[in-house]
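Build out the structure end to end from the sequences listed, making use of the hints.
Now for the letters of each chain:
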Amino acid sequence: SAVISQKPSRDICQRGTSLTIQCQVDSQVTMMFWYRQQPGQSLTLIATANQGSEATYESGFVIDKFPISRPNLTFSTLTVSNMSPEDSSIYLCSYHAYTDTQYFGPGTRLTVL
Amino acid sequence: AQSVTQLGSHVSVSEGALVLLRCNYSSSVPPYLFWYVQYPNQGLQLLLKYTTGATLVKGINGFEAEFKKSETSFHLTKPSAHMSDAAEYFCAVSVNTGTASKLTFGTGTRLQVTL
Chain A
1229 SAVISQKPSR DICQRGTSLT IQCQVDSQVT MMFWYRQQPG QSLTLIATAN QGSEATYESG
1289 FVIDKFPISR PNLTFSTLTV SNMSPEDSSI YLCSYHAYTD TQYFGPGTRL TVL
Chain H
116 AQSVTQLGSH VSVSEGALVL LRCNYSSSVP PYLFWYVQYP NQGLQLLLKY TTGATLVKGI
176 NGFEAEFKKS ETSFHLTKPS AHMSDAAEYF CAVSVNTGTA SKLTFGTGTR LQVTL
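So the sequence lines, in the order shown, correspond to chains A and H.
So the working numbering is basically just the index in the first sequence, starting at one, shifted up by 1228.
So the working numbering is basically just the index in the second sequence, starting at one, shifted up by 115.
Since the hints were derived computationally from the structure, they do not count as laboratory data.
Note that the structure is a prediction, hence the values are computed from the model and not measured.
Yeah, the Cβ is synthetic: ideal placement off N, Cα and C, and Gly gets one too.
Among the hints, erroneous ones may be present.
[Stated by the list, open to error] In silico EDC-like links for lysine to aspartate or glutamate, alpha-carbon gap of 16 angstroms or less:
1) Lys1293(A) <-> Asp1315(A)
2) Lys217(H) <-> Asp1254(A)
3) Lys164(H) <-> Asp1328(A)
4) Lys164(H) <-> Glu179(H)
5) Lys217(H) <-> Asp1315(A)
6) Lys1235(A) <-> Asp1254(A)
7) Lys1293(A) <-> Glu1314(A)
8) Lys1293(A) <-> Glu1282(A)
9) Lys184(H) <-> Glu203(H)
[What the hints assert, rightly or not] Here are the simulated distance ranges between beta carbons:
10) Leu230(H) <-> Gln1256(A): 31 to 37 angstroms
11) Pro1267(A) <-> Ser127(H): 19 to 25 angstroms
12) Gln157(H) <-> Asp1254(A): 38 to 44 angstroms
13) Gln1252(A) <-> Leu230(H): 39 to 45 angstroms
As structure tokens, this is what we get:
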């Protein structure tokens, strides 16, 4: 499987600010995804990052709050905008391999004060 | 739509004892099933998966799971627990839409291994 990395690994931010999380895969992949894992909870899909087109958001998530870019087949970013303490979570990206399997990055641990 | 139920948010076993983590799924079409493990302060690591073929699948670190269609289950087992197995385990189901497979996760089971 390809190696997937995220930056930053963790951050502490002030409310009202925005944070952009980067996700890099070391080979070209068709589908990339962004998930949120709130404290003590399971993973919830935020959106599918489509290369060359707008991301597809799941119910409850909107582009104004979580803008996503996918400029090429190896890279994607997720921005958490106008943050509040409720946005404190682990944000994970993943990619979909041809084997019908998703592989996950190490996550970005965000704390909003 | 598919869903996953993991029975038991916390499971505690003694080192050397059998590990059994339960997962039941709901899907209107043949599912793909996965178990992921999350160690403290880390991302998710794929343990094993079932797509088609043999219903007993073996994964990393001595874990295995059996797909039982009649029981809509995909329970995870390991004959002998090790301290290093302490982690959060997530069962997930996906349905192949033809372009991609969306994963739906269970709520997770935290495994504690005691001496």
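Here is how each hint holds up against the structure:
1. Lys1293(A) <-> Asp1315(A): This hinted pair holds, its Cα atoms lying about 10 angstroms apart.
2. Lys217(H) <-> Asp1254(A): Distance ~22 angstroms between lysine 217(H) and aspartate 1254(A) Cα, so the pair is violated.
3. Lys164(H) <-> Asp1328(A): holds (10 angstroms)
4. Lys164(H) <-> Glu179(H): With Cα atoms ~9 angstroms apart, lysine 164(H) and glutamate 179(H) stay inside 16 angstroms; holds.
5. Lys217(H) <-> Asp1315(A): violated (23 angstroms)
6. Lys1235(A) <-> Asp1254(A): Distance of about 14 angstroms is within 16 angstroms: holds.
7. Lys1293(A) <-> Glu1314(A): Satisfied, since the Cα-Cα distance of roughly 13 angstroms is no more than 16 angstroms.
8. Lys1293(A) <-> Glu1282(A): It holds: about 14 angstroms lies between the C-alpha atoms, which stays within 16 angstroms.
9. Lys184(H) <-> Glu203(H): Outside the cut-off at roughly 25 angstroms; violated.
10. Leu230(H) <-> Gln1256(A): 31 to 37 angstroms: For leucine 230(H) and glutamine 1256(A) the Cβ distance comes to about 47 angstroms; the hint is violated.
11. Pro1267(A) <-> Ser127(H): 19 to 25 angstroms: At 21 angstroms between Cβs, range holds.
12. Gln157(H) <-> Asp1254(A): 38 to 44 angstroms: At 19 angstroms between Cβs, range violated.
13. Gln1252(A) <-> Leu230(H): 39 to 45 angstroms: holds (40 angstroms)
The structure shown violates the earlier hints numbered 2, 5, 9, 10 and 12.
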